[in-house]
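K.L.:
Position chain B relative to chain A; hints supplied.
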Amino acid sequence: MSVNNQRSFFFNVDWLTVLLYLALCTIGWFNIHAAVFDEKHPSIIDASTNYGKQFIYINVSIVVAIVILLLESRFLTALAPAFYGITVLLLILVLVVGRNVGGNQAWINMGGGFRLQPSEFAKFSTCLLLARYLSSVNIKVTELRSFLIAAAIIGFPMLLIMLQPDTGSTLVFCSLIFVLYREGLSPYFLVISGLLIVLFVVSLLYNPVYVILALVALTALIIFLFRRHRKLIFTMLVGLAISVAFIFSVKFIYSHVLKPHQTERINILLGITTDLKGKGYNVNQSKIAIGSGKLWGKGYLHGTQTKYSFVPEQSTDFIFCTIGEEWGFAGSVVVIGLYLFLILRVIYLAERQRSPFSRIYGYGVASVLFFHVVINIGMTIGVVPVIGIPLPFISYGGSSLLSFTILLFILVKLDSNRMGIV
Amino acid sequence: MNKFFERRYVVTGIFLVIMITLLGRLYYIQIVDDRYTLYANRNVRRIEIQYPARGPILDRYGKILVQNVPIYDITVNPKEVKPFDTLAFCKLLGIDKEGFDKRMIKAIKYSPNKESIFEKQLPFELYASFQEKLTEFPGFYVQRRTVRTYPDSTAAQFLGFIGEVQDRDIERSNGYYRQGDYIGVTGVEKSYEQVLRGQRGVKIQMVDSRGIPKGSFANGAFDTLAHPGERLTSSLDMNLQKLGEKLMKNKLGSIVAIEPSSGEILCYVSSPTYDPNLMVGRERGNNASKLYNDPYNPFFIRPIQAYYPPGSSFKPLSALIAIQEGVITPETMYYCPGYYIAGNRRIPCFHGEVHGAVNLSKAVAESCNGYFDMVFEKLINRNGAKKTDTSFNYWRGNVAKFGLGTKLGLDMPNEGRGNLPRASYYDKVYHKGGWRSSTVISLGIGQGELLATPLQLANIEATIANRGFYYKPHLIKAIGDKQVIKHEYNVKNYVGIDSQYFKPVIDGMESVVDYGTAKGAKIPGIIMCGKTGTAQNRTGKDNSVFVAFAPRDNPKIAIAVVVENAGQGGTWAAPIASFIVEQYLRKSISQRPSGITPDYYINANLLPDLNIYLPERLKERKRDSIRSVRADSIRKVKSDSIKKAAQLKTANNNKSGSLSNLLAGRGAGK
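For the record, the sequence lines run as chains A and B. Residues 853 to 1274 (our numbering) are what the first sequence spells out, left to right. Residues 446 to 1115 (our numbering) are what the second sequence spells out, left to right.
Read the hints as simulated data drawn from the structure, not as lab findings. On a predicted model such as this, the values are computed, not experimentally measured, just so you know. Glycine included, each C-beta is placed from N, C-alpha and C at the ideal position. Among the clues, some could well be false.
[Claimed, not checked] Every beta carbon over 10 Å from chain A, so not counted as near; a handful from chain B, in silico:
(1) ASP518
(2) TYR572
(3) ARG729
[Stated by the list, open to error] Pair ranges (Cβ atoms, derived):
(4) ILE494/B / LEU1015/A: 52 to 58 Å
(5) ARG617/B / LEU1147/A: 40 to 46 Å
(6) ALA1003/A / THR466/B: 27 to 33 Å
(7) GLY665/B / TYR1058/A: 38 to 44 Å
(8) LEU1110/A / LYS551/B: 40 to 46 Å
(9) LYS559/B / ALA1066/A: 42 to 48 Å
(10) ILE476/B / GLY1046/A: 27 to 33 Å
(11) LYS559/B / VAL916/A: 50 to 56 Å
(12) VAL919/A / SER654/B: 38 to 44 Å
Isolated chain B, as found in the complex:
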């Protein structure tokens, strides 16, 4: 002991205070502050998303319409890049120095020390040669993905395509999609996106400080497997589809064929079409902009988006409603002088033909305008010539039951309604009470403001084939092994016509093909019942329309064919329809008594002259819309170009004045 003995307490005190301070600090960072756990997890856990393969799509017989092929993305981690032979690198990838710098800057901007995509979608051959030299390019990696491939390059408008998600999709998906993911943009890829995309898996990897994987986190307890997307079986018959596309080559128009007993769509042709493989791969952007710039607009899905006046093909429906309503009987006779007088208008029969005394079947067979004008007038004037409103709306309701003027609920996006005007529309145009049956008489023969999509036309035929009901048309018949898609596709939709009334109408339709306007399309040994339509066009030639079903008893196929600006229904649409029908029923095409062969139709070029096809004003607009298209932003462009195209189309196909043009344009724009 010495006199400074008490200083031991001072020293001890200082030591204690400082050590306790350390403990306090430790308490704070270990217990109070939770950030460090987060940081530590962020350090070691790398969440890898396992992308499932997208579901393939088959035709009704199991043939592959679309499947997946591997493709290779080159990724780069800028931090790991060391000087290398950029020239050889660029040459290998087929890019220039400028392109290299641009990609590199983009990658560095994304993150200087994380991997990002440098070049997308290398085909296998390029990948193979790149892979050999991969070690010479430190920091570059190859990532395998799968993309869509279409072995038969068919049914583009049905299949649609996938594209990178937009910010909107990411927002709407509640964080399911991430930047760079792919999503169905149009067609079945869009409508069945949730089924096709499958279920993503997650793999949590542990990585060390240099980013080298060191095994799975918690032995994979939190990992989930990726479940591949479901296989979709479509109702399409690939052979039929291919034949249809061939027949419609170099023509504008559409073929829709439906199996009446199920509502399954067998054939879904939109022409012009394109090779869906163009929308895949490195050239996608260029191809897409070329397709957008095509004035005939191959992205326009004519079966559901193009509005055509049904023309005479509407007559069987008119007849059915009239019999059901009792305004005529099958035996009602009408004398056709070659025209019909409605009010102060004189509506001629086609080419001024004089049909003489006609009954219902004969009127259908010979497409007598006068007869159907008479029928329509009777329907509209049933409550007196001045009370057109109620009886018109009643008529409209009967027509609407066949699916006109409304969406049929097809399992595809962007389905159009067509146009079936209401009385209120005419009230607006002509003032209330300012119009008579004679004012709207052209509706009775499928012209005027009446517009329908090819799908709606085919659906009417399916209804007639079924003698009074239809199944909602659909394109997908099975998801995986599950046969039922939606309950509503298995429900019979009755159109309010008793089955007994169909016979005279079908008799007439049989005659159309047997000896009437479509006799050239007669198929030996198969009774096809049909109706031609020659819908007039304001610009260019008439649209050639043919609707039919076959065989007459126990029908297997109902079909609508529209060839734009081609002329009479019997000349183009009917033969094309007959080939499709026979191909479907017989799997082959026989010698025709009329001597027609598919080759003649395949080789015919009926594309309208662009100068006539596009009125000056619309050409200007179209060019504008093209100019605003960026080659790589397909999505942005899609909706409004389709809208514009729809406007353009309806305006183009509609002969009856600017009012209905405006209307149709507005209708499609909605």
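Just chain A, same shape as in the assembly:
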């Protein structure tokens, strides 16, 4: 059986996922070409330009993907703690010797003009260790101890990345709550997290006193309607107490924990302040770029917002502007469709695994991809605050492309081996 598997292992690879991956990489490459098009170096494979470099990164990533596919699955499981350890060490190292780019101490110089971003690699190593831990015998996330350890596995790299400080990458790890949920975490966690986000926004928009009064009234109504259910009454009261405490802490978080540029971004998103020339410039120009694309877009290399550099960082965090502007709503639908297809495919792959390890890892991949896509596209169209995280496979950047490739292809590898015993 295992001999058979080894021989036919390329046939067991989920080619659909690989195809989706290649499609997204190609879309990214062409859009980077459009975003930073240089008339002096028009060729898309000219290595002196970012699109030429991205071409190299794509090739390197494909090589890495093939290497991963050739590895023993067991190797990945066994070395999960080692990967995690190395990443943590790199995350500590970056705080000491890292290069500060744009206020974030996130890069380690590798020489030869290449730089490494450890936080990118922390994503798959955390997923690996989390999968490894949760798939161990007798570990149930419903138990407090197990939950706390799982939370610590996720929280430790978050803490280190927070110190850089790279808020965007830190928040990515929050998406792993879906993994824990799938493995049995109480749904209340999801509901409560959702409610807390809503409360956060509401208490920023309205006077906290009114918000609390409204909450008290709502609680009273629910208690009155379900007065027979004692347990519910208790839960509601606890919930109310926590909410009130949270509302008061929002102001504190807002003025003491978050940095001024972060509160500013949230204010702009919520329409509390408008500053189209300053802080709100990026998002406004990004919306103009996407909005002016209309149905079919302005055509490849014909986006005026793109060509004449109205949107900053357009090859990296704001790459979706180029898609929206030059390919229009049609292009946006295609790209989002590809992502959705890929994420659902990943969930499908995860669910068809025999081993819990593979499944848990698969959910990790889906969650991380989902979070990146939603936050990145959301910020370019002004529905979430500006958080600088890349669009998977599409944004310019070697570290990001490589880490997403590794993240995805570990799953493809695990899946190709799903019949074998890990």
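P.N.:
What follows is chain B alone, placed relative to chain A:
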């Protein structure tokens, strides 16, 4: 599979809902909301207006009266200004720190990050020295424009000037003009604005986020070229015009000369005049206010706005109407005792001269008031002494055919009508039936309420020269290569006098110059037919008037000259007219038997004493109107100062009582 298997649907559901929300939002901003396309276009498209060069204006022989020269505006983009040596900057431009701040604040108010004009109209020399140091002043730029220049500094009242558009012009133009554009304000610049301005072009540039041009939009498919304004050929003879202006130096008055065979105006002098170049450039504001404050009012366009009593120069016309109407024949004799008795009034001939027995030609030659009073009385009393109304209006209609009391349709703005009263006017003043021919007898000799512009006077001469018709006078003879300006300028306007009746009148006019009141102005070898006028003034000396045409056969030029407060027509106006006529016909001026030379007239100063010129009451008013003038707002001031000036002028030139003053004032005010 484990027991939480079904949770995959929850996770999938959440992912789906959120992704679809994103798509919904994208649908809204990409498909539903159209604003973003507008914003994107506003970001990258910079619409540059290509200003065409304004058309030049030539004289009848192709000499340049006005053309364009480049001038340089300094613009500033406040956003791009970085600290620099303001002192050196101010010194270079010749402004002080205060002026600098004022301009800067104005620019920032206009827009903190768009270019606006900082200083206008730098001459080339200043531009050159500024351009050298431009790099030291970040945010400042130089913009090239063209302005008018007048190589011979002549014909200011004909040419007029251009100025920045006012809000009113912008409104009226349906958005054609924009703030800062230039438009013809007076003269030919105004009346031919649409031809002169040309057609503006538009260039749509693509700019990047820093405003740097990145090429044209859609390869220039939506760009339009600017078409320069048309070249206008005026009918003026520049040499004649310059001679006329010289002759009228230090005098008030006007010369209008017309080519009878076409109606083309050859000479259009308004004195005092000014150098049209003063109304261009950085000193324009100061110059303009100085000119407005000039009590002799150089902006007053005397050829078409000043109303003068024609005086005796009206007599040939009177005679023509009388013959045509059959109340006299050329042979009708009249014995002049040196005065005429009309009703209970006794009207003396000039200086009480006794002319004795005169026929028509002699009456014209000797300017016998008695003869023409007789003629006028006959016309007005033809239906009986009490039925003056109908016969007066009939007479008025005959006079009006010569273009008096009406606009001649000159291709210039602000043309005046003069004044030719109706019977109803006298009905109002004297009650119906309360006036007789004797009441209005002075009209018969061109005085009283009768007022005409120099243009109207010249046009009468052109009509006599043509023996019965005139072409409407005009100043522009060709637009570009097109010779026809307006159809109406090619139409003969008949005045209702048969050509055979002109001979005796012209005989008389010939005699005027040959041996009569204008004999000093005789030109050897050219038969000039003319008529002097010495129109009395309430204040100051009489206006000297002379009208003429020459040569007698196949006339080439008809002319009217008015010199205000100068005395007799034969003394000043006639010699001046003779120089113009000879200059036009011969291109040179010969030795005169009378010994007169142009230099004598050029050097004479006949400007009236201001204390006499401006009655106390009017001086006060004039000062008020000046005070309300802001130096830079030429337009606002123009219309009402001209109105006031017109009132002032007519009041001043009109001797016959306050009633006609009021009337003339009202007429001009309309």
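K.L.:
Next step is simple, just say for each hint if it's right about the structure.
P.N.:
These are the hints, each one checked on the structure:
no. : hint                             : verdict
1   : ASP518                           : holds, 27 Å
2   : TYR572                           : holds, 32 Å
3   : ARG729                           : holds, 38 Å
4   : ILE494/B / LEU1015/A: 52 to 58 Å : holds, 57 Å
5   : ARG617/B / LEU1147/A: 40 to 46 Å : holds, 42 Å
6   : ALA1003/A / THR466/B: 27 to 33 Å : holds, 28 Å
7   : GLY665/B / TYR1058/A: 38 to 44 Å : violated, 54 Å
8   : LEU1110/A / LYS551/B: 40 to 46 Å : holds, 42 Å
9   : LYS559/B / ALA1066/A: 42 to 48 Å : holds, 47 Å
10  : ILE476/B / GLY1046/A: 27 to 33 Å : holds, 29 Å
11  : LYS559/B / VAL916/A: 50 to 56 Å  : holds, 51 Å
12  : VAL919/A / SER654/B: 38 to 44 Å  : holds, 42 Å
Against the hints set out earlier in the document, a violation occurs for number 7 only.
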